[in-house]
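2 protein chains.
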Amino acid sequence: MSLGFIDLRVVESSAFIAAPLAGLTLAQFGADVIRVDMIGGGIDYGRLPLMPSGRSLYWTGLNKGKRSLAVDLRKPEGREIVRALVTAGGENGGVLLTNIATSWLAHESLAAKRAGVISCSIQGNADGTTAVDYTVNCATGYPLVTGGGTMEKPVNHVLPAWDIACAYQAAFAILAAVDRRRRTGTGAELRLALSDVAFTTLSHLGVLAEAELLGEDRPSIGNHIYGAFGRDFGTADGRRVMVAGISSGQWSSLVRGCGLEREIAALETSMQRDFSNEAERYEAREAIAALLEPWFAARPFDEVQRLFDDNRVCWGIYRSVTDLLANDSRVSAANPVFHSMQTAGVGTHLAAGNAVRATGAPSGVTGPAPLLGQHTDEVLGEVLGLDSGAIGRLHDQGIVAGPERDPTSGALQRSI
Amino acid sequence: MSLGFIDLRVVESSAFIAAPLAGLTLAQFGADVIRVDMIGGGIDYGRLPLMPSGRSLYWTGLNKGKRSLAVDLRKPEGREIVRALVTAGGENGGVLLTNIATSWLAHESLAAKRAGVISCSIQGNADGTTAVDYTVNCATGYPLVTGGGTMEKPVNHVLPAWDIACAYQAAFAILAAVDRRRRTGTGAELRLALSDVAFTTLSHLGVLAEAELLGEDRPSIGNHIYGAFGRDFGTADGRRVMVAGISSGQWSSLVRGCGLEREIAALETSMQRDFSNEAERYEAREAIAALLEPWFAARPFDEVQRLFDDNRVCWGIYRSVTDLLANDSRVSAANPVFHSMQTAGVGTHLAAGNAVRATGAPSGVTGPAPLLGQHTDEVLGEVLGLDSGAIGRLHDQGIVAGPERDPTSGALQRSI
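Going down the list, the sequences are from chains A and B.
Using our numbering, the first residue of the first sequence is number 98, and each one after it goes up by one.
Using our numbering, the first residue of the second sequence is number 98, and each one after it goes up by one.
Chain A with its partners taken away, still in its complex shape (with noise of 0.2 Å):
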């Protein structure tokens, strides 16, 4: 089940995160998407963190809702597989997702076998070499405003930011592509490069022209926020909060919120600012913190968030993530874009579906992650028609293989 938006096959030939939370979108709007593996698991499939049984949380959380097959891709017959099933008729099959740049799936021989395929290849760099997603970043400026940062000590950031809009530009890319095939009937090969992600992310933000134009690099502020006010401040019982006051809105909620009206304004008198221009709260925000500052300190948590609730504050609550689990209904099955889900080897656990809710349509329940090879027959059947008796001499030539051969599958005999 998924939010049933798309009527598409894709093959997935991947690792890491850009190109398997690319299947994943396109898996959660109702792509049948098919994820091939080496057989026993690709260079992804052991990452940390492990559950005992050896399952990797951070491939069976990427992986939800795929069908996969496992092939040995080492052997020509092996590689023919994936060829044919990236080729293979249907309308709406002939999309090829990957990260794994390889002679033997490029575009144009794909594009020999079936007229109109799509190909779209996640890269480091545009020019081949390589790239992730940290060795991306130091270059973008970000770890040297961030958290303080400096050139002797930079800050990288831990999300993988790069990789997770990289994945979903890919997924648009491959839909886009799949909405100008259904009008003309061309395929498209597409390559989007996580470097180019990240830089032209720059452009669109406005840091490039601000460099190029201003010669300004963003200044390094901690937690404040660029360009009008927010910061973080802590409450008397060692709670911590954001609070944003971007908008004018958000701002008079704020200053409401915490009834320091006379205060802000005696320091707009003094520093002769008009705190409803956002850049002149900016150029105060030390002044107006330092006026905050007291007022949360000398408040509890609770004081605080009924007081921000009542007022309509925009704010937040600083939590770790077993503390965000315990104590946020956003993150439960109480939001129906949680639910419980059962995977194989790692037990039930709660799981998201599709961020994008539908009105009317299904709540876009995602399946859980697939054991390596669990669906091998089913696709080589129903995908390349093939019959019983041709499975099975794969299975016995070693070039696929089904759920048991999954490294994990001891502890999995133990846990189905």
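Think of the hints as simulated: they come from the structure by calculation, not from any bench.
Check each hint, because a few of them may be wrong.
[Unchecked claim] Stretch by stretch, here's where chain B covers chain A in the computed footprint (C-beta under 8 Å, at least three residues):
(1) 270-282
(2) 408-418
(3) 443-451
[What the hints assert, rightly or not] With beta-carbon atoms standing in for the labels, derived distance ranges:
(4) A:Thr247 with B:Glu174: 51 to 57 Å
(5) B:Asn424 with A:Ser373: 37 to 43 Å
(6) B:Asp399 with A:Ile197: 42 to 48 Å
(7) A:Pro397 with B:Leu481: 53 to 59 Å
(8) A:Glu383 with B:Ile318: 29 to 35 Å
(9) A:Asp407 with B:Lys172: 28 to 34 Å
Note that CB positions come from ideal geometry on N, CA and C, so glycine has one too.
Following the hints, complete the assembly by docking chain B onto the known chain A.
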């Protein structure tokens, strides 16, 4: 000019990052995106950084390649124009993208005017309460593990990563709904909450299951890459590089690039670890880093670069944005993803086209951000079929406006 994949007209009523970036994405693939704004500009029109003309580099970055209609959104007649644009005829119209919840753009009322309308509303929280990137991020756990962050000193990201992820998901959802509408004729009411975007991502990355099933929060390990080996190092001449040894191929390249095969093997022996296993590299990260640190500190950057490129190491250099622009050809007109753009009130600057490269398709040059109201007359004529008399009356009544009412038009008259 755009990539030309999508044949669609989208009306965007938006502010800040997520919705405008979704609109930009649609525009860069070929959609005709009509941004409607209050005469004089919405709440994001003056956001920093600003040019001396008063034009915002933030706004012009996010609104490239769109058409602009300036309209008095407080007047019933102004609202009716926007509703008419959203629901205008043609099978490729009938799409609204917004993050401004307002009853006069409610889905049901649009659907009553035009069957098959697709609306996508971006929200803070799904219950309609306000949230921005920073007030969602604080609850994700990331500020407690970024840059050595703690609850007492959390580290906010500066890159608005959730807004960006939300933008691309919204653009994807619209296209998926359009794909379904082409097949079935059905419209869609889509809602996407920023907090759902963030928290579902925690599930996709395995972070949520880790907390639930293993009771573990990701550790706060500074610039170390979780789950494998990778960190930043300083060179003899004061440059700083990031290296990644996530896959075993990347790891052996790194060891070979540094010429530390013997030392690393000795460390494995003494620690009784097998560094070909990524989890064991991760556990030994401090000891490995201690071996690498003096190697970097003894060498100038040029030597590191040569050795690393010769050995295909996965690495990158830390740069400020001004440094990036001056010294990295990936961010220059030599990269077809970028091109020179002339934006009124801004001047000539480097700007990003579409990050996705499509072989044989136009290279994805994006037009500049419009002036507010630059396309008012054109859109009213083309989409609503109004004649010049009717358009003139709307101007006279102050219901719509052209670019002369752009608040930066004084500076613009000098620059265009």
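Outcome of the hint check:
1. 270-282: Answer holds; 9 residues pass the 8 Å Cβ test.
2. 408-418: holds (count 9)
3. 443-451: Coverage by chain B holds for the segment 443-451 of chain A (8 residues, Cβ < 8 Å).
4. A:Thr247 with B:Glu174: 51 to 57 Å: With Cβ atoms ~54 Å apart, the hint holds.
5. B:Asn424 with A:Ser373: 37 to 43 Å: holds (41 Å)
6. B:Asp399 with A:Ile197: 42 to 48 Å: About 32 Å separates the Cβ atoms of Asp399 (chain B) and Ile197 (chain A), which means 42 to 48 Å is violated.
7. A:Pro397 with B:Leu481: 53 to 59 Å: holds (56 Å)
8. A:Glu383 with B:Ile318: 29 to 35 Å: holds (30 Å)
9. A:Asp407 with B:Lys172: 28 to 34 Å: holds (32 Å)
Of the numbered hints stated above, the single one contradicted by the structure is hint 6.
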